[in-house]
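> One-letter residues, chain by chain:
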Amino acid sequence: DAGVTQSPTHLIKTRGQQVTLRCSPKSGHDTVSWYQQALGQGPQFIFQYYEEEERQRGNFPDRFSGHQFPNYSSELNVNALLLGDSALYLCASTPGVANYGYTFGSGTRLTVV
Amino acid sequence: AQKVTQAQTEISVVEKEDVTLDCVYETRDTTYYLFWYKQPPSGELVFLIRRNSFDEQNEISGRYSWNFQKSTSSFNFTITASQVVDSAVYFCALSKNAGGTSYGKLTFGQGTILTVHP
Chain A
6 DAGVTQSPTH LIKTRGQQVT LRCSPKSGHD TVSWYQQALG QGPQFIFQYY
56 EEEERQRGNF PDRFSGHQFP NYSSELNVNA LLLGDSALYL CASTPGVANY
106 GYTFGSGTRL TVV
Chain B
583 AQKVTQAQTE ISVVEKEDVT LDCVYETRDT TYYLFWYKQP PSGELVFLIR
633 RNSFDEQNEI SGRYSWNFQK STSSFNFTIT ASQVVDSAVY FCALSKNAGG
683 TSYGKLTFGQ GTILTVHP
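These protein sequences, in sequence, are chains A and B.
Be aware that the first sequence starts at 6, since it is given in my numbering, and climbs by one per residue.
Be aware that the second sequence starts at 583, since it is given in my numbering, and climbs by one per residue.
Next comes chain A alone, as it looks inside the complex:
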């Protein structure tokens, strides 16, 4: 049973560029959340998607946007990259909107140079 799958694993981008990260949730899960984890810090909530809609958003600028597809997979887009966007981006899925304990992917390590 595949868990949460994220791609790519690592990514290097230049300041000002745009990036798209992808996530496939665990089988049977329909809710996807994204978190940003800077080095040495705890993960910070970016936003959550359910039924293809953004349901809740953390304290992140509009440069961060997302999408959920009918098959529940999700994308995270970041525009106008800043050096401070360098982090591990984690995707997490759960069945339904109530929090029964998220399953996390291994993340995408984004480095902005």
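By construction, these hints were calculated from the structure, which means they are not laboratory data.
Among the hints, a few may not be true.
So the derived list for chain B, only partly shown, Cβ under 7 Å to chain A, looks like this [as the list claims (entries may be wrong)]:
id	residue
1	Y607
2	D611
3	F629
4	G691
5	Q692
Here are some chain A residues the structure puts well away from chain B; computed CB gaps all over 10 Å [said to hold, decoys possible]:
id	residue
6	A7
7	P13
8	S32
9	R68
10	F74
11	N76
12	S78
13	A85
14	T108
15	T116
None of the values given here were measured: they were computed from a predicted structure.
Cβ atoms here follow ideal geometry from the backbone N, Cα and C, with glycine treated the same way.
Add chain B to chain A, keeping to what the hints say.
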């Protein structure tokens, strides 16, 4: 606003020692969930436990045990007879519980780096 504090940044123990990781939280919600996650070097956060705020019973799972005390807003995690494989970063987290309408945003602490030496 919700806040989780893990005061211990790093803990180092020798194998077979017991170790307790502290977690203190703040929330205005009357019902909420508390979690512990383990993050090995691979980066994936591994779910360890979820505790509902109205269930203050302590829980034991193998070498792991959790002590939830609502009166002190603490949810501490103890590993008995630690092993090298327990070495990882451990995160305590909190989310609102609004029944079926909860969207489950997790607020994490800063994490505690646990190193178990052979």
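> If a hint holds in the structure, say so; if it does not, say that too.
Hints and how they fare:
no. : hint : verdict
1   : Y607 : violated, 13 Å
2   : D611 : violated, 12 Å
3   : F629 : holds, 5 Å
4   : G691 : holds, 5 Å
5   : Q692 : holds, 5 Å
6   : A7   : holds, 13 Å
7   : P13  : holds, 13 Å
8   : S32  : holds, 16 Å
9   : R68  : holds, 20 Å
10  : F74  : holds, 19 Å
11  : N76  : holds, 21 Å
12  : S78  : holds, 18 Å
13  : A85  : holds, 25 Å
14  : T108 : violated, 7 Å
15  : T116 : holds, 14 Å
Taken one by one, the earlier hints fail for this structure at numbers 1, 2, 14, listed in ascending order.
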